[in-house]
Amino acid sequence: MKAYLKRYRAFLIVAILIAILTIFNNQLGLKAINIAAYSFKEMLLVIPPVFVLLGLLDVWVPRETMIKYMGENSGLKGIILSILIGSAAAGPLYGAFPVAAVFMKKGVKFSNVIIFIGAWSTTKIPMFLFEMTSLGAKFAFTRLLVDIPGIIIIAYVLSKLMTKGEIENIYKSAELLNK
Amino acid sequence: MSTYILYGVTILFLIFSYMKDKKKTKMSLKKAWKAFENILPEFLVVILFVGVLLAVLNPDAISKIIGSDSGWLGVMIAAVVGAITLIPGFVAFPTAAMLLQSGAGYMQIGAFVSTLMMVGIVTMPVEIKYFGKKLTILRNVLAFGFSFVVAYIIGLVVSGI
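Protein chains in written order, with the numbering used here: chain A, 1 to 179; chain B, 180 to 340.
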C-alpha cells in the first residue's frame, strides 16, 4: 500500500491541484477534467493491444532474430524495418517507449531504437492519411519526405552525442524495466 | 479504423500464441500487464497535465498568435505551443486545418504540427524513465530544431514563399 502511494504520489498531487483549480475556476477546472477523461479513454482504447503485442514479442521472438534483423550489423535492413514498425504503430508517443525498452532488451541497435521512436512520433501511416485529408496532400507529402531523412539524421547525431557507457546504462535499465 | 486493425492483429496473434503454447501466452500477458503497470503512474500524470493545458490553450487562443504574417516569431511561438501540448492526431489535424482557415500561415502550421508530433514536453517524465535525462533532453532539442527545417520547407513548397 505504502509503495503504491509513493509511486502514485505525483498523480495524486496533480489531481488535488486540479480539484482546487475547479473550486476557484469552475469552468476551466471542469473543462480540464473533461479533456483528461477523454485522453484517459483514448489510452484505455489504444494502449492495451500495444502492450499485449509487446508481451508477445518479448516471449516469442528470440534475441538472435532481433539482433539479426535490427541489431548492430543490420545496416539498411535494420533502418527500414525500424521505420516500418514505427510507422505501422497506433497510439500516442508515450506508447512507443515501453516497446523501445523491449527492443533494447532484445539487442536492437541504439540508432535503430531512436529511428523507431522517431517514426512512431511522426510518420505513422494512419495519421498520415488523416493529415492528407485535413491539410492536403502537398502538406502531408512534403512533411513525410523531409521527416524520413530527418529521423535518421537525428538518430545518428544522438548516437554520436551519447558515450558508450551512457548507452550501456540505458540498455541495462531497459532490462530491469522489463523483467 | 486503425484501432480496429490493431485489435484484430493483436487478437489473431494471441489466438495463434495460445494454440501453440498456453504457458508462454500466459507469461506474455503477465509481461504486458507488468510493463503497463510499471509506467501507469507517469501516464496518469501526463494525462492530467494534458487536460489542464488543452483547457487553457484552445484553438481560438492559438490562431490569434500564429497568423500568416507573424513570420519567424510566429513560427517560434507555434513550435513552442506544439512542443508543450500533446493533442491526439485526430484532433490535431482538423484543428490545424481550422487554424489555417482562420488565417494561420503554412510555415507556422508546419512548425506546430512537427513539434506537436516529435517533441513532447509533458511526456518527458515517461521518456526519462526509459531513456534517462540526457538522451531525452537531447532528442527533444534536436527534434525541436529540426521542426524549423520542416516548417521552412513546407512554407517553401506549399505556399511558395
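There's no promise every hint is true.
Said to hold, decoys possible - From chain B, some residues computed to sit far from chain A (all C-beta separations above 10 Å):
(1) I218
(2) S242
(3) S249
Said to hold, decoys possible - Cβ-Cβ distance ranges computed for the label pairs, FRET-style:
(4) Q280(B) x I125(A): 22 to 28 Å
(5) Y183(B) x A19(A): 31 to 37 Å
(6) S281(B) x Y171(A): 32 to 38 Å
These are calculated hints, taken from the structure and not from any lab test. C-beta: ideal position from N, C-alpha, C; glycine also.
Status of the stated non-contact between I218(B) and chain A (beta carbon gap over 10 Å): 6 Å, violated
Cβ separation of Q280(B) and I125(A), checked against the hinted range 22 to 28 Å: Check passed, 26 Å falls within 22 to 28 Å.
Outcome for the supplied range 31 to 37 Å, where the beta carbon pair is Y183(B) and A19(A): 36 Å, holds
Claimed clearance of chain A by S242(B), with the beta carbon kept past 10 Å: 15 Å, holds
Status of S249(B), Cβ more than 10 Å from any chain A Cβ: At about 18 Å from chain A, S249(B) clears the 10 Å cut-off, so the statement holds.
32 to 38 Å as the expected CB spacing between Y171(A) and S281(B), which holds or is violated: Cβ of S281(B) to Cβ of Y171(A): about 47 Å, so the range 32 to 38 Å is violated.
When held up to the earlier numbered hints, the structure conflicts with 1, 6 and fits the remainder.
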